[in-house]
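Peer 1: Residue numbers (our numbering): 71 to 317.
I should point out that these hints are in silico values taken from the structure, not numbers from a laboratory. In this text the structure is predicted, and so the values were computed from the model without any measurement. Cβ coordinates follow ideal geometry from the N, Cα and C atoms, glycine included. A few of these clues could be false.
To be verified - Quick list of the computed label-pair ranges, beta carbon to beta carbon:
no., residue 1, residue 2, range
1, D262, N160, 51 to 57 Å
2, R268, E162, 26 to 32 Å
3, G199, G274, 19 to 25 Å
Claimed, not checked - DSSO-like, lysine-lysine: derived pairs with alpha carbons at most 30 Å apart:
no., residue 1, residue 2
4, K242, K128
5, K177, K192
6, K239, K117
7, K128, K192
8, K239, K128
9, K128, K177
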Amino acid sequence: MNRRTLLIVAALLFAGAARAEQEQEMPVVQVVAPADAEWHSYRHAYKAASFFAPYVAKRPLIQAHMQIRPLDPDTPMDGLRLQLQGESTNMEIAVDALGRATLPMLKQAFDEDAVLRLNRRKGHYQFSGRYSIRMRDDGVYPLAMLREACEQLISAQRASGYRLRLLGKDCKGIKFIYAPGDTAAAVELRRDDGTTQRIAAQPGLPFENRSMGLYQVATVRLDDWPAQAQLRVVPLPGLLGIGTVYE
71 MNRRTLLIVA ALLFAGAARA EQEQEMPVVQ VVAPADAEWH SYRHAYKAAS
121 FFAPYVAKRP LIQAHMQIRP LDPDTPMDGL RLQLQGESTN MEIAVDALGR
171 ATLPMLKQAF DEDAVLRLNR RKGHYQFSGR YSIRMRDDGV YPLAMLREAC
221 EQLISAQRAS GYRLRLLGKD CKGIKFIYAP GDTAAAVELR RDDGTTQRIA
271 AQPGLPFENR SMGLYQVATV RLDDWPAQAQ LRVVPLPGLL GIGTVYE
């Protein structure tokens, strides 16, 4: 093999090694094609939101959302993005850390039979409704107000079709829901005499069903504390939502 041939072979080997190195360093990006993405009918969601609206209209301490729930509790909820897509409609709808979203009520999207498209593959999530207690900007919750909020929520559930499931159930507690890794989360209870007690969050279910997996949950039993007590969320920005305990 002459010198010219050796130089050509060496150049080819170097180029091949460079290409292999570049291929190894290329980042892997997963893109969900629209045809493979989880989706839901906007008309169906619109009708559901219209159905639930009257049940919260006269119950000012609670709210109703569309919620995206995993079919498997171990399926991650972080990074969910929801797109409303129709013939002339294309907008992103914010999704919070509990999978809840406020549906825009758009007649044009309804008439176009638009779709709600999730940035996840089919078969891992479902669309449903979710009642919850409204959060306060100051993070302070009188216990009497929480008891009333719980009563409003259970009455809304009964009135909107869950009467049999809640037969014999009463409001017994409130759940303050934090992210799964938020080990510093807690609520601080203040009594009439000024004494305080900290209730640390523990791994638990955020709502009554098991589809959401475990979060950090600080549970306050309503009958364990004076009616005039107050609760303060610690830390305030970490609170994701407020649920209820029925027994």
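Peer 1: Output the numbers, in ascending order, of every earlier hint that fails for this structure.
Peer 2: 2 and 7
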